[in-house]
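Student: What follows is the residue order along each chain.
There are 4 protein chains.
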Amino acid sequence: MFLEKLRKEVLEANLELVRRGLVLYTFGNASGIDRESGRVAIKPSGVPYEELTPDQMVISDLDGNIVEGKLRPSSDLPTHLELYRNFPHIGGVAHTHSEYATSWAQAEKPIPCFGTTHADYFHGEVPVTARLSSSQITSEYERETGVAIRERFRSLDPDRIPAVLVAGHAPFCWGPSPGEAAHNAVTLEYVARMAYHTLVINAESQPLMRELHDKHFLRKHGQTAYYGQVKK
Amino acid sequence: MFLEKLRKEVLEANLELVRRGLVLYTFGNASGIDRESGRVAIKPSGVPYEELTPDQMVISDLDGNIVEGKLRPSSDLPTHLELYRNFPHIGGVAHTHSEYATSWAQAEKPIPCFGTTHADYFHGEVPVTARLSSSQITSEYERETGVAIRERFRSLDPDRIPAVLVAGHAPFCWGPSPGEAAHNAVTLEYVARMAYHTLVINAESQPLMRELHDKHFLRKHGQTAYYGQVKK
Amino acid sequence: MFLEKLRKEVLEANLELVRRGLVLYTFGNASGIDRESGRVAIKPSGVPYEELTPDQMVISDLDGNIVEGKLRPSSDLPTHLELYRNFPHIGGVAHTHSEYATSWAQAEKPIPCFGTTHADYFHGEVPVTARLSSSQITSEYERETGVAIRERFRSLDPDRIPAVLVAGHAPFCWGPSPGEAAHNAVTLEYVARMAYHTLVINAESQPLMRELHDKHFLRKHGQTAYYGQVKK
Amino acid sequence: MFLEKLRKEVLEANLELVRRGLVLYTFGNASGIDRESGRVAIKPSGVPYEELTPDQMVISDLDGNIVEGKLRPSSDLPTHLELYRNFPHIGGVAHTHSEYATSWAQAEKPIPCFGTTHADYFHGEVPVTARLSSSQITSEYERETGVAIRERFRSLDPDRIPAVLVAGHAPFCWGPSPGEAAHNAVTLEYVARMAYHTLVINAESQPLMRELHDKHFLRKHGQTAYYGQVKK
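Protein chains in written order, with this note's numbering: chain A, 4 to 235; chain B, 4 to 235; chain C, 4 to 235; chain D, 4 to 235.
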């Protein structure tokens, strides 16, 4: 029952990435977790999005054992699992090769917070991981990608900065649910585009003042939020 | 009766922002005012555009008291009200986080007038506000955003330059009606894109000659206008 | 009879500009001429493209006297007429504010020929006019725009370079027919985008070798052309 | 029989270029070869894509003799044939003037491998040919374009780097089939866009580490590949 719901949510999150133009061909993947059972649902590897159905979502446990599904899971599953194991409040992960966020990852530069659009979603700059070492690449590469993310967040709060750029690769985003992870991937791409343009217009552009950054983030998140309608 | 018409116009102005690609998710908002009654209609906060109906538009008075509507108004309502109170000829306000105009706001650079497209709509460069002070941010932030705009226009004519960039935030545009405010937001984005490209091509690009700027603005505005069809 | 055909061709050329994304709102205009009668058909001023019908095209003679049509012609008509009077082989003119070509016009830089795509259509760089003088602006501005183009082509062949950038304004394109004028406007925008990117990648990029420029232009134009199907 | 299949595949590859936005008007062309018979099918020259039918594909032998078809073949046929003659494992060729890949070709700069998206498809930077000499241009220009590509690949493996930038012209891509050639053309454009942005963000960006480049390429290609579903 809960798996049926999870599969649908994960499919929907994957399709949101396509609808918003973040995905070329079969690039990218989104997953979700049911924390009670520890079951993770993820997109199968290399299947065209237009053909995806909920029951094609692959179900694994937190150690990567496939418990349901006939298809291979996305090859990035071990990265997702490493995030679920280390960021206990997240319920979904979305990975894309979206054009601008990926370019920042390739340039190995964090995305500075230049405005309130960024501040509404990410409470600080979006960080870049260290490059993986040769031994990390040649051993369990996908899991080590998750390890590099975890290491980068040692002194950062993943609930307040729900995105990272993996050096030379692309962004990973997360959130309380698969849908919110996908939503964060979409806003990250938008923020990445605008930060790029901002620096082209003015290479000396300054990050947003801390007070304004806090104001906007807290206007949308936490107990004092007053954006949107009251949730019942 | 007039409120019904106003609600429809305001809804339509909001939808125009979406149709023209200026809006991601629930970003942005447009409002309109009925000057006789002093009633303002504005988009509700955080409601998806595809679900918006005229009767969801929230009605407030010029002091921000909600007089009709079950939903919370856009959190930027106090900014809109500050503009209506200080710019007596405007009938609509449109706020977006459109990609290029927002990038100029983040770079804290006014948009120079490099060509006749700009001159057709904005009679001078599009200015940037000062940064808000810490006390402005922590007190009535949204109203203070309007105050910063008003201050920036002390020596400018809001009827001839119907747009501003709020530093580190995004553009606000206005016009005689909600529809014209949205139209100005769309052309501002276009002008912002072209000014950006112009400087990339030639960092020494020079603003348009004053005579040509006047010529184009007055070709479309005021008593000697001769663009378009004769209005009856 | 011939006017009916001309009106349809001119409407179609105007719509092609819209379909190819060169036009925002009512910006831009295309016209055509019937050389035998000296009649010119042009888009009316400020009418939304989606509402345009063939019979709304305004018919003028080469001196700008309106001979048919109830609407005002595009305010740029005198520029078109100046081109028809001076470039005897052209049958159509298209004017847009397309994003990249306009940015080059605003930057007052000719578009260099960096590749075969450019060479296929324009046999040399796309030139920029001189700025108009104050007296040109304050007298017959639109006609003087045409004069500035004519002056720029004193030593250039308008049949081999069917486009120009008006300084601080936007491109004008032309061709043997309204449709080909619009086609040239579309390819100009594409060429303008790629020349822009080329310089961003490598500021020292070199124009195409003359031999290759000739080869490509003549592969598509003139008596030795061998691109496309044989015309009967 | 095999020609019918080949024609359909070649048409489909041509249409994929259109669907993915790589083609303006009649620019570009894709072809395929049946290695057993040595028959090549290619798009006819200058025919609008929306009108193309399988039986319009032109069939030639490897020396360029037309064996079936009433239309002229794409004028770039001799380039395709040179590639088929020299790269024995390829089954399809796709040529476009796609915006960013063409800009790199015009800038005469190879596309560096800055990330895993590139590494997934191209096992090394995407190279640029030398400029053609005057005599190459004025003799058999299109065949000489193929010769320049062949020369550039003297020390490169065309099966691992299925794309090239022809200096001052545009990309040619290939693959085991016409569909995969088109697929490579689409990903090349995407990789070209991101490499461009990467250098704008950080002019000192470093190519991907060799180990990671190998890892990603081999994750998708060769005997140890584990991306996608198991092929039966």
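In short, the hints are calculated from the structure, not lab data. Misleading hints may appear alongside valid ones.
Which copy? The list can't say, so a pair holds if one copy fits it or any two copies do.
[Said to hold, decoys possible] Derived lysine-lysine pairs resembling DSS-like cross-links, with alpha carbons at most 30 Å apart:
id, residue 1, residue 2
1, 112, 11
2, 218, 8
3, 223, 11
4, 11, 218
5, 73, 112
6, 223, 73
7, 218, 73
8, 112, 218
9, 112, 223
10, 8, 112
Student: Measure nothing new, just compare the shortest in-copy and cross-copy C-alpha distances for residue 218 and residue 8 to 30 Å and report within, between, both or neither.
Tutor: So residue 218 and residue 8 fail the 30 Å test inside a copy (35 Å) and across (35 Å) alike.
Student: What label fits residue 73 with residue 112 when the C-alpha limit is 30 Å: within, between, both, or neither?
Tutor: Answer is neither: 39 Å inside a copy and 45 Å across each miss the 30 Å cutoff.
Student: Under a CA distance limit of 30 Å, which applies to residue 112 and residue 223: within one copy, between copies, both, or neither?
Tutor: both (26 Å within a copy, 27 Å between copies)
Student: When no copy is specified for residue 11 and residue 218, does a C-alpha distance of 30 Å or less occur within a copy, between copies, both, or neither?
Tutor: Result: close neither inside a copy nor across copies, 35 Å intra and 32 Å inter.
Student: Reference check for the pair residue 223 and residue 73, CA-CA at most 30 Å: within, between, both, or neither?
Tutor: Result: close only across copies, 20 Å inter versus 40 Å intra.
Student: From the Cα coordinates, with 30 Å as the cut-off, is the pair residue 223 and residue 11 best called within, between, both, or neither?
Tutor: Both: 27 Å inside a chain and 28 Å across chains, each within 30 Å.
Student: I want to check one pair: residue 112 and residue 218. Are their C-alpha atoms no more than 30 Å apart within a copy, between two copies, both, or neither?
Tutor: both (25 Å within a copy, 23 Å between copies)
Student: Is it within, between, both, or neither for residue 8 and residue 112, if the alpha carbons may be no more than 30 Å apart?
Tutor: Result: close neither inside a copy nor across copies, 38 Å intra and 48 Å inter.
Student: Is it within, between, both or neither when you check residue 218 against residue 73 at 30 Å Cα-Cα?
Tutor: Between copies only: 26 Å across chains, 47 Å inside a chain, cut-off 30 Å.
Student: My question is about residue 112 and residue 11: at a cut-off of 30 Å on alpha-carbon distance, are they close within one copy, between copies, both, or neither?
Tutor: Neither. Shortest intra-copy (35 Å) and inter-copy (45 Å) distances fail the 30 Å Cα cut-off.
In summary, the structure is inconsistent with hints 1, 2, 4, 5 and 10 from the numbered list given earlier, while agreeing with the others.
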